[in-house]
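Take these sequences, add in the hints, and give me the full structure.
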Amino acid sequence: VQLQASGGGLVQSGGSLRLVCTASGSISRVNIMGWYREAPGKRRELVADAFSNGRTNYADSVKGRFTISRENDKNTMYLEMNSLKPEDTAVYYCYYSNFQPPGHWGQGTLVTVSS
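Each step along the sequence shown adds one to the number in the working numbering, with nothing skipped, and position 77 is 79.
Be aware that a few hints might be false.
Using 25 Å as the maximum straight-line C-alpha spacing, the simulated BS3-like pairs for lysine-lysine come out as follows [said to hold, decoys possible]:
no. : residue 1 : residue 2
1   : K65       : K87
2   : K87       : K44
3   : K44       : K65
Across the chosen pairs, the derived CB separations fall in these ranges [what the hints assert, rightly or not]:
no. : residue 1 : residue 2 : range
4   : T78       : T114      : 33 to 41 Å
5   : S85       : S28       : 18 to 26 Å
6   : R20       : K44       : 21 to 29 Å
7   : R31       : P104      : 13 to 21 Å
8   : K87       : V22       : 18 to 26 Å
9   : S99       : Q14       : 18 to 26 Å
10  : S117      : G56       : 34 to 42 Å
11  : Q14       : G66       : 18 to 26 Å
Hints are computed from structural coordinates only; laboratory data are not their basis. For every residue, glycine included, the Cβ atom is placed at its ideal position computed from N, Cα and C.
The structure is reproduced here in structure tokens:
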């Protein structure tokens, strides 16, 4: 499985960005896709994930501001990020798993939020 992430960039505090991740290869019908982020000097953390059945999960820090969605027929996942804060600055990685190891990571896309 290969993952291609895009949509990062520089935005002012309070602004919005939309990240896109497209998966290709052998995609299982039952799977989970998610967004993680890694800020300088910090560990990679889960931002949000979405099961193929539609169930979603969010980190407390982004609830109410970020929305994860999927188009399963296109093997594509989105992350709508609103009300961005400087602390959201990080490299964002998309992730895919069919619940059998290993999982798969995209190359990362940088989000920078200026104050």
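Verification of the hints:
1. With a CA separation close to 13 Å, the supplied pair K65 and K87 stays within the 25 Å bound.
2. Restraint check for K87 and K44: satisfied, since their Cα atoms lie roughly 17 Å apart, inside the 25 Å limit.
3. For the proposed pair K44 and K65, the alpha carbon gap of about 20 Å is at most 25 Å, so the pair holds.
4. A beta carbon spacing of about 24 Å between T78 and T114 contradicts the range 33 to 41 Å that was offered as a hint.
5. Taken as a hint, the range 18 to 26 Å is violated for the pair S85 and S28, whose Cβ atoms sit roughly 37 Å apart.
6. Between R20 and K44 the Cβ separation comes to about 23 Å, which falls inside the hinted range of 21 to 29 Å.
7. Separation of R31 from P104 is about 19 Å and conforms to the stated range, judged on CB atoms against 13 to 21 Å.
8. A hinted range of 18 to 26 Å for the beta carbons of K87 and V22 is consistent with their spacing of about 21 Å.
9. A beta carbon spacing of about 34 Å between S99 and Q14 contradicts the range 18 to 26 Å that was offered as a hint.
10. Between S117 and G56 the Cβ separation comes to about 35 Å, which falls inside the hinted range of 34 to 42 Å.
11. Checked against the hint of 18 to 26 Å, the pair Q14 and G66 passes, with Cβ atoms roughly 19 Å apart.
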